[in-house]
Amino acid sequence: MTKRTRTALLVSAVVVALILAALLLLPRRKPSAFAPEQLSHGDETGGRIAEFIKVKIFFITETSPAMSPVYREIEVPEIREELYRKFVSLLLAGGEGRIVPVPSGAQLRSLHYLVGKEMLILDFNELLAASFPGGTTAEMEFIYFMVDNICYNFREIKKVKFLIGGNESKTLAGHVDLEKPFFPDFSWLKDE
Amino acid sequence: MKNSIKAGTFLVAFLVAPLLLASMVIDFRSFDHEGYTRVVLQSERSFTYKVQDQPGRLEVRIAGRADFPARSKAVPNSVLLERVTCEYQGNESVITVHFKGGAAIKKNFVLEDPFRVVFDLVRSELPAAVPPRTDGAVSADEKKPDPPKENPPAVPPRSDGRRGTGTPDVPVSQDREAVPPRSDEAVPPRPKPIETICIDPGHGGEDFGAIGRSKLKEKDVTLKIAFKLKKLIESKTGLRVIMTRDKDSEVSLNSRASIANNQLAQMFVSIHANSSFRKSAYGSETFFVSLQATDPEALELAQKENQNQENPGETIQNDELKMILWNMAQTEHIRESSKLAEFIQNELNELLGTRNRGVKQAPFRVLMRTAMPAVLIETVFISNAAEEKKLLSDEFLDKIASAIYNGISKFIYYYGSLVK
Ligand SMILES: [Zn+2]
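Chains as they are written, first to last, in this note's numbering: chain A, 1 to 192; chain B, 1 to 420.
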């Protein structure tokens, strides 16, 4: 074998190695992340930042299916999940001329935030389903009232999952699938 | 020098060519659904393929050399499938899915991002899982696939034209002619012009649905409209109509989809009466399934499912995955479902003079698992006192049935032009 042949073979081997490395290291396509429009007043630090925060809560009204906002203040507790719980209490409390699309007797049993999944789990008592009035529209009014308000105000929460009596439930009243978590649909919101 | 460069080039080509050919990794997955089994072949890049369904097996011939996880692999816990094998014949890779008994291809289509070739397989002898026959309902002895046509039409083209390079390069029906048919061969039903429509009267039994101020129950209204619609379709078109219930009985959402899938219905129409927390809400709405569940996370989860078979220690949320795949069963029909919803909604607006609340999407549990164009109609609001009063009138229910029928017949005309 001549020196030239050896050099050529060596160059070829390097080229092969490079191609092989490129093939192995080729990045795999990753699905893009969901990024909702964020107008939050919440903080992302997880720490205590203020005594009070101002939240914007959207309610449906008798005159419009689109949810319009009112402002509320919440005293910020030490524990972040406690803040979410206070926020949900504000949602359930409603306001003057506002409709709370939640059946009477329905109450939040517990609430958990899964950091890794960026998901808030809301566990309601069984009256949520038992007293639910039925209808696709009513189901969606309840779901997006909860999900949109939560995700709008707390940017670290990307989706919300509902449990009833500690268990997954197929639907609220026979229509929308409730086993999967919900991403917000901000088309339900109407700003001032 | 020239010679040594040639030698080098040859060596590069010699070493790289098999690497490039072998780079097409194909993953195999299968899922048992209500009434059918779905087989998915997924690859990072698209490929061309031919299909042969032999007795007892499905052969997929792929141009080039596929890198398949194993030469022979058992399919654990599958209702229809026993094993999948891969072998190489000349320039082709042959992936063979071996059935446990008689099975047939109900559907074959391609999904993109990532590239997937999907087969929906049904048992050639369908299992009995349908309510007993009473007037309009179907009976177990009817549950055989429709007899094959002389020249079954090819898979209807997607209305969005997304066939890509994955379209079989030889039409399935022609390819089958190359193999002489045998008497024991399972003849697969092919997509064809609409022959069977499934009407789903919402709720029933202990599930009253929404209740109006005068105590009118949604379950009674939906059944009445369903019967009227069935009569209209049968008398005007002669098409076969099946119902998910024909009396005041409770039928689970899964069973409703299963009845439609098992009966190979080509259209699913779920009838409801709406309710809102806003007492003034009124008008009709027609829905089809939302694609929200096929979000990036869902796709990632579906891909993870593969890794899981190799690492049983790693668990994933099965229910979440199932949900995604059920949703995928409807995904293929989303365009047609949207069109069907639009036709029906236009008719409801016109005939009833109700306010247009439009065609909308939501992740409906009953629609997700249906493998055909499927819609859910919220006729009017039973929670609205004035509309509830209308629902008490038989004449009004006739109008609703007639509007839905007009929408369906327009869709049949539109669909007919698709399957040509
Ligand atoms: Zn309903």
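Just so you know, these hints were derived from the structure itself, not from any lab. From a predicted model like this one, the values you see are computed outputs, not experimental measurements. Heads up, a few of these hints could be off.
[As the list claims (entries may be wrong)] Derived DSS-like pairs (lysine-lysine); straight-line CA-CA distance at most 27 Å: (1) B:K217 with A:K190; (2) A:K170 with B:K215; (3) A:K170 with A:K56; (4) B:K217 with B:K360; (5) A:K56 with A:K161; (6) B:K236 with B:K399; (7) A:K158 with A:K56; (8) B:K399 with A:K190; (9) B:K50 with B:K73; (10) A:K170 with B:K217; (11) B:K390 with B:K360; (12) A:K86 with A:K56; (13) A:K158 with A:K54; (14) A:K161 with A:K86; (15) B:K247 with B:K215; (16) A:K190 with A:K54; (17) B:K279 with A:K56; (18) B:K73 with B:K217; (19) B:K231 with B:K279; (20) A:K158 with B:K360; (21) B:K247 with B:K228; (22) A:K170 with B:K390; (23) B:K215 with B:K228; (24) A:K161 with B:K360; (25) B:K389 with B:K224; (26) A:K117 with A:K86; (27) A:K170 with B:K360; (28) A:K170 with B:K50; (29) B:K236 with B:K215; (30) B:K231 with B:K390.
Pair hint outcome, A:K170 versus B:K217 [Cα-Cα no greater than 27 Å]: Answer holds: A:K170 to B:K217 is near 22 Å, not above 27 Å.
Pairwise hint evaluation, B:K73 against B:K50, where the allowed Cα distance is 27 Å at most: holds, 21 Å
Pair hint A:K170 and A:K56, alpha-carbon separation not exceeding 27 Å: Not satisfied, since the Cα-Cα distance of roughly 30 Å exceeds 27 Å.
A:K117 paired with A:K86 [C-alpha distance capped at 27 Å]: Distance of about 22 Å is within 27 Å: holds.
Pair hint A:K170 and B:K215, alpha-carbon separation not exceeding 27 Å: The given pair, whose Cα atoms are some 26 Å apart, holds under the 27 Å limit.
Straight-line alpha-carbon gap A:K158 to A:K54, limit 27 Å: holds, 20 Å
Given pair status - B:K360, A:K158, alpha carbons within 27 Å: Judged against 27 Å, a Cα distance of about 23 Å means the pair holds.
Hint consistency between A:K56 and A:K161 [alpha-carbon to alpha-carbon, up to 27 Å]: It holds: about 21 Å lies between the C-alpha atoms, which stays within 27 Å.
Restraint status (C-alpha distance of B:K390 to B:K360 at most 27 Å): holds, 24 Å
27 Å limit on alpha-carbon distance, applied to hinted pair B:K389 and B:K224: holds, 15 Å
Pair hint outcome, A:K170 versus B:K390 [Cα-Cα no greater than 27 Å]: violated, 31 Å
Straight-line alpha-carbon gap B:K217 to B:K360, limit 27 Å: It holds: about 24 Å lies between the C-alpha atoms, which stays within 27 Å.
Hint violations for this structure: numbers 1, 3, 8, 18, 19, 22, 28 and 29, all remaining hints satisfied.
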